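Enquirer: Residue strings, one per chain:
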Amino acid sequence: MGSARAPGGAVRFAVAAAGAVLAGVINGILGTGAGTVFYFVCLAVSGGDGDRSKDDLSTAMAAVFPLSAVSLFTYRAAGAADAVSFFTLVLPSFAGGLAGAHFAGKMRGRVLKSVFAAVSVAGGINMLLR
Amino acid sequence: MYLLSDIAAVTAFSVLAGSGAGGGGLLVVYLTVLRGGDQIGSQFKNLASFVAASCAALPVHIRSRDIDPALLAVFVAGGIPGTFVGSRLRSALSAQVISKIFGVMLILGGGFVLFGVIKDAVSRAAGSRRE
Numbered sequence: 003m004g005s006a007r008a009p010g011g012a013v014r015f016a017v018a019a020a021g022a023v024l025a026g027v028i029n030g031i032l033g034t035g036a037g038t039v040f041y042f043v044c045l046a047v048s049g050g051d052g053d054r055s056k057d058d059l060s061t062a063m064a065a066v067f068p069l070s071a072v073s074l075f076t077y078r079a080a081g082a083a084d085a086v087s088f089f090t091l092v093l094p095s096f097a098g099g100l101a102g103a104h105f106a107g108k109m110r111g112r113v114l115k116s117v118f119a120a121v122s123v124a125g126g127i128n129m130l131l132r
Numbered sequence: 002m003y004l005l006s007d008i009a010a011v012t013a014f015s016v017l018a019g020s021g022a023g024g025g026g027l028l029v030v031y032l033t034v035l036r037g038g039d040q041i042g043s044q045f046k047n048l049a050s051f052v053a054a055s056c057a058a059l060p061v062h063i064r065s066r067d068i069d070p071a072l073l074a075v076f077v078a079g080g081i082p083g084t085f086v087g088s089r090l091r092s093a094l095s096a097q098v099i100s101k102i103f104g105v106m107l108i109l110g111g112g113f114v115l116f117g118v119i120k121d122a123v124s125r126a127a128g129s130r131r132e
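Protein chains in written order, with our numbering: chain A, 3 to 132; chain B, 2 to 132.
Derived by calculation from the structure, the hints in this document are not laboratory data.
No experiment lies behind these values; they were computed from the predicted model shown.
A couple of the hints might just be wrong.
Here chain B is said to cover these stretches of chain A; the calculated rule only asks that three of the stretch's residues, wherever they fall, bring their Cβ under 8 Å from a Cβ of chain B [as the list claims (entries may be wrong)]:
no., region
1, 29–39
2, 98–110
3, 120–128
Covered stretches of chain A (chain B as the covering partner; in silico rule of three or more C-beta atoms under 8 Å from a C-beta of chain B) [as the list claims (entries may be wrong)]:
no., region
4, 17–24
5, 68–75
The beta carbon of each residue, even a glycine, is placed where N, CA and C say it ideally should be.
Using the sequences and the hints, build the whole thing.
Expert: Next comes the structure, spelled out in structure tokens:
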């Protein structure tokens with residue numbers, strides 16, 4: 003958190019906590035979107051330090067994991083779950099996730115940030131067209 | 002035919018998820034628009050795919066020390082109760098309205114990040130030309 007624009011400890015905590023609750027609520031309603039909120043909260047608390055892009059995206063992804071697991075449980079509890087195929091969904095997702103994590107280690111923070119922004123805009127257009 | 006396109010789509014969106022760039026719910030678009038699935042069932046599959054992708058990706062990110070543990074603790078502590086609140090609100094609120102509001106937020110946020118990246122690239126190029 004080396005940026006000169008980074009907020010102090012208490013403000014940082016308050017922004018992170020409020021952002022976390024908002025991310026959880028959005029994830030609970032829409033089943034997606036928490037990662038984007040977490041990333042922007044990371045940017046806010048780190049003062050938008052461009053060198054931290056990779057760390058911010060990884061932290062956001064790590065935070066979405068338990069939230070998505072909880073959301074998955076609530077979808078199942080609400081009877082909204084279809085059967086999930088191991089071969090067409092779980093296995094390719096696992097392989098893709100592993101490949102993505104290795105690519106991220108080789109990509110520059112700026113490239114990853116651009117991909118994130120493009121995916122966000124595409125996701126936003128998708129939500130507007132729903 | 003569908004089997005191969007399903008596997009290709011899921012793998013491609015999981016690469017994005019595993020890299021940390023997220024999926025933007027694009028798997029939901031594929032499942033609803035191209036495969037004719039229902040919205041909630043597709044959201045469920047999108048979540049299941051993300052959980053599987055992050056199971057594989059997280060150990061790699063942890064080994065690379067890319068994760069801020071203090072921030073992660075706050076995110077998880079605030080995010081999980083928020084998820085329960087959100088899942089309660091799912092039936093009470095119009096998911097379509099929320100989806101559109103969040104869509105605008107995503108476009109503005111993504112646009113803001115893209116603008117920053119382009120601005121950085123332009124100033125970097127101008128700097129190297131001056132040198």
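Enquirer: For each hint, tell me whether it holds in the structure or not.
Expert: Hint check results:
{"no.": "1", "hint": "29–39", "in the structure": "holds (count 10)"}
{"no.": "2", "hint": "98–110", "in the structure": "holds (count 11)"}
{"no.": "3", "hint": "120–128", "in the structure": "holds (count 9)"}
{"no.": "4", "hint": "17–24", "in the structure": "holds (count 7)"}
{"no.": "5", "hint": "68–75", "in the structure": "holds (count 7)"}
Consistency with the previously given hints is maintained throughout, with no hint failing.
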